[in-house]
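Chains as they are written, first to last, in my numbering: chain A, 1 to 269; chain B, 270 to 582.
None of these hints come from the bench; they were simulated from the model.
A portion of the hints provided could be inaccurate.
Computed footprint of chain B on chain A; a stretch qualifies when at least three of its residues, placed anywhere within it, have a C-beta under 8 Å from a C-beta of chain B [said to hold, decoys possible]:
| # | stretch |
| --- | --- |
| 1 | 5 to 14 |
| 2 | 17 to 28 |
| 3 | 88 to 102 |
Label-pair distances were calculated between CB atoms; the ranges are [as the list claims (entries may be wrong)]:
| # | chain 1 | residue 1 | chain 2 | residue 2 | range |
| --- | --- | --- | --- | --- | --- |
| 4 | A | P235 | B | R361 | 54 to 60 Å |
| 5 | B | Q303 | A | E90 | 35 to 41 Å |
| 6 | A | D86 | B | E277 | 36 to 42 Å |
| 7 | A | E90 | B | E445 | 29 to 35 Å |
| 8 | B | A448 | A | D86 | 37 to 43 Å |
| 9 | A | R93 | B | R382 | 29 to 35 Å |
| 10 | A | D86 | B | I440 | 24 to 30 Å |
| 11 | A | L238 | B | P385 | 33 to 39 Å |
| 12 | B | R410 | A | G148 | 43 to 49 Å |
| 13 | B | S411 | A | R93 | 19 to 25 Å |
| 14 | B | K348 | A | V207 | 34 to 40 Å |
| 15 | A | E90 | B | D299 | 32 to 38 Å |
| 16 | B | R352 | A | G227 | 52 to 58 Å |
| 17 | A | M47 | B | R361 | 46 to 52 Å |
Incomplete in silico selection of chain B near chain A, CB under 8 Å [as the list claims (entries may be wrong)]:
| # | residue |
| --- | --- |
| 18 | F285 |
| 19 | K323 |
| 20 | R347 |
| 21 | K348 |
| 22 | A351 |
| 23 | R352 |
| 24 | V356 |
| 25 | G359 |
| 26 | R361 |
| 27 | D367 |
| 28 | L376 |
| 29 | H379 |
| 30 | L380 |
| 31 | Y381 |
| 32 | I383 |
Nothing here was measured: the structure is a model prediction, and the numbers come from that model.
Note that CB positions come from ideal geometry on N, CA and C, so glycine has one too.
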Amino acid sequence: MAEHAGVYLRLAAASVRATARRPAYLVVRFLSAGMIVGIEVAGVVLMLDRFGSIGGWRPAEVVVLFGLAFTAQGLALVFGDTLEADKVSELVRRGTFDQVLTRPTSPLGWVVASYVDTRFVGRMLAGAVTVAWAADRAGVAWTPGRAGLAALAVACAATIIFGVLLAAAGFTFVTVQGSEAVNVLIYGGQYLASYPMQIYGSALRFVFVWVIPIGLAIYVPALGVLGRQGPAGLPGWLAWLSAPVAGAFAALGGLAWRAGIRHYVGTGS
Amino acid sequence: MNPHPVIEVEGLRKRFRTRRGPVEAVAGIDFRVQPGEFVGYAGPNGAGKSTTVKMMSGILLPSAGRVEVCGMVPYRERKRLARRMGVVFGQRTQLWWDLPLEESFELVGHLYRIPPAERAARLARLEEVLALGPLLAVPVRSLSLGQRMRAELAAAVLPAPEVLFLDEPTIGLDVEAKAAVRDFLRELNRDQGTTVILTTHDLDDITRLCSRLMIIDHGRLIYDGTVEALRTAYGTTRVLVVDLAEDEPVQVQGAVLARAEGRRRWLEFARDEVSAAELIARLLAGHEVADLTLEEPDIEDIVRRIYRGEAPP
Ligand SMILES: Nc1ncnc2c1ncn2[C@@H]1O[C@H](COP(=O)(O)OP(=O)(O)O)[C@@H](O)[C@H]1O
Ligand SMILES: [Mg+2]
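Only chain B is shown next, with the shape it has when bound in the complex:
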């Protein structure tokens, strides 16, 4: 028996009128998200990710179809839903720009009617996990992007939302800041059971965090499943990268030469046709090899191929 889904989307569409005619940003999508899921929502630029998030969070009215979040129709019960949902847009701020950071937390406490003792306790924990202590007295506009994103996350989860929508939260962050954001989200999902929808075009975010991946392109869902299932379904091609001792032509049965650069060769082969060990043996029989590495299918590659419509369905 499944618990009641947190998010239900059915035949959801959004059409915009633009100078160049109508644009179907979301062209009929269906999915359900169960409590506690961590869903990665990926797709190329302009695929319709933000538009979907905006309909789920009550910002935009759908053109057609149905959306329910926490049992509510978002645009109709905007205020009530707002108490149970958090939203973070990577390039915008929900903090009070000119005021010290701690005042933002105080205002959020009042807005969401969090009892002061409760607020203090939650904030103490967040300050520790997100290393916010030294930032509290700093006006938000003086925070670095990474610092600010940590603060945005803290403000968004301070009311303990059941669902958290994140639209490109790691955009523009350096490696360290990205790691901090990911660690925090992983723990939030694991320890609080918060349902997270993470929109990103950084597939690293998704492979590291998400139990489920949805890919949207041209307003349609073209994949909905686990990252692993995607790898096995689409990622049948592995690559053997070989550094030859001498610059010579290479031919190995069962592999296709994908690329050559100096003495380096990229040999593509199908997982289910030949094993890596077998292929290496065949290679060594005819060539002198200085070095070699095996590349597993890269999720980024797979997804890029799906976008291009190359990979089999």
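Same shape as in the complex, but just chain A:
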């Protein structure tokens, strides 16, 4: 694996070099990804300001939660953006994935490394800045333990999101053109697939990218970071449960990805 890491690093470097050939484009994408976080944070702050506090949480504390989620999403998407359904179907439809399967590397390693998206480093950094800023407003006194918990929250939430993307990608292999039968089964045919999937998709997405990561990986460690008591005295060690939970998501995602490749049929041209 160590020897392989070199290959994947080279692939990633090649992908970054390819984008870097258009530096202006790279900078704009990077900045805009960061700016989106700024706008989203501003939205959250404005909204929270009207309430003063939510369930005993001050706005700054809630923003810490969101900041951790932004950071985790950025981290997950640097590697996992290419696993989004539209990108995977593009890889399949163009036959690129056929060729990935003829390479002497792991297909997942290839895809992830070849399509790292540095734009999301922008989201990650903006998320980290948000956490630092909001923690300061919330009066958090950083200790190594609290920093560790914040890092744990980010790593676990990112792993969960990556696992979900992985599962979705595995699923896309099966549903993408070529085996419409599955599409019909799952989405109820063309009629359903064309219109409501988008709404359904974004609702699902909201659950998987915000609700689940925050609920399972960020909320409890964040209590520790903020020095708050959880409801009904949640035990402190619960924070460490985030790791196995995230591991389970990644493992399930990996299984779905493998199943997807086994059922891969590519396109008919």
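Chain A is fixed; fit chain B with the ligands onto it per the hints.
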């Protein structure tokens, strides 16, 4: 004693589910390929050529049957097989689109763990044979189709594969680029002993390169043998093309008038019934002839007739 075959295919099938119901793209085929063979794999569009190649290269899981390449089951030992096999799809690229061509070769070197000195030596030879020198600094996306295909071939053989699968490598190429590709493949097969499976619907590729021809239609192998054997087995009909001095009806014993256009006549006759010399003598006895040529059975014609199910088995 035959050496161990490079490719063994037995009862191989692939079925796709489509909106219009199941499609049996490959419907039970069997063949073996020995090391060093150059096999042309022909068939009309949609016959199942690409699907076969995809199963042999580990991209697709067969629905039934057995396939082994270099002693490995492709989809099960994908990574290990990948080191011993090269694949080129004519309309796709395995190069790094936005980077200068030389970076692709460098990456391939690392991916396939080719020692740097070895890579440099092989590349130097490939650059010469395929005239790649001036292209090395050019981003792949700026290469012409012909240039790119030469680069694809170089990248595919850089790891010195034992087997090379080529799916329609000459599609869309002009005459000159086609010739360059063919020359290269001929030498590769002759000098390195690389086993080549060439999928094409351009029969010219096959008659110029392949020692063996397999024809697939509707997922079944309908011919497997040499090009010569095909010609003698199916190509018994020759055609005498005659330009008459005057526009008049023609009748010659032993020949059938296949076509007439102005003063030109196409007379079909069977090789084993009458010789060309005899036929010409009979013709000249009754008609004044301005010019004539003899057409040997065209492999393309033969194959087209096989597709249509016209030629005898
Ligand atoms: N991924 C796929 N999904 C559904 N049908 C396919 C797929 N790939 C190939 N086919 C069908 O299988 C048949 C054989 O295709 P293919 O192997 O590409 O033929 P060829 O390469 O000889 O033109 C065609 O009818 C094609 O439409
Ligand atoms: Mg094809």
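Hints versus structure:
1. 5 to 14: The restraint on the stretch 5 to 14 of chain A holds, since 5 of its residues have a Cβ under 8 Å from chain B and three suffice.
2. 17 to 28: holds (count 4)
3. 88 to 102: holds (count 7)
4. A:P235 - B:R361: 54 to 60 Å: 55 Å, holds
5. B:Q303 - A:E90: 35 to 41 Å: 40 Å, holds
6. A:D86 - B:E277: 36 to 42 Å: Between A:D86 and B:E277, where Cβ atoms are some 40 Å apart, the hint holds.
7. A:E90 - B:E445: 29 to 35 Å: 33 Å, holds
8. B:A448 - A:D86: 37 to 43 Å: 41 Å, holds
9. A:R93 - B:R382: 29 to 35 Å: This hint holds: roughly 31 Å between Cβ atoms.
10. A:D86 - B:I440: 24 to 30 Å: 28 Å, holds
11. A:L238 - B:P385: 33 to 39 Å: Given a distance of about 52 Å, which is not inside 33 to 39 Å, the answer is violated.
12. B:R410 - A:G148: 43 to 49 Å: Taking Cβ atoms as reference, B:R410 and A:G148 lie about 46 Å apart, which means the hint holds.
13. B:S411 - A:R93: 19 to 25 Å: Holds, at about 24 Å.
14. B:K348 - A:V207: 34 to 40 Å: Holds: the Cβ-Cβ distance is about 36 Å, inside 34 to 40 Å.
15. A:E90 - B:D299: 32 to 38 Å: 37 Å, holds
16. B:R352 - A:G227: 52 to 58 Å: 55 Å, holds
17. A:M47 - B:R361: 46 to 52 Å: Given a distance of about 48 Å, which is inside 46 to 52 Å, the answer is holds.
18. F285: Result: holds, 6 Å to nearest chain A Cβ.
19. K323: At about 7 Å, which falls below the 8 Å cut-off, the nearest Cβ of chain A leaves the hint on B:K323 intact, so it holds.
20. R347: 6 Å, holds
21. K348: 5 Å, holds
22. A351: Given a least distance of 4 Å, the restraint on B:A351 holds.
23. R352: This interface hint holds because 5 Å falls under the 8 Å limit.
24. V356: 5 Å, holds
25. G359: 11 Å, violated
26. R361: 5 Å, holds
27. D367: Since the shortest Cβ distance to chain A is 4 Å, the answer is holds.
28. L376: 6 Å, holds
29. H379: This hint holds: B:H379 lies near chain A, its Cβ roughly 5 Å from the closest one there, short of 8 Å.
30. L380: 6 Å, holds
31. Y381: 6 Å, holds
32. I383: With a closest approach of 11 Å, the B:I383 hint is violated.
Violated hints for the displayed structure, listed by number in ascending order: 11, 25, 32.
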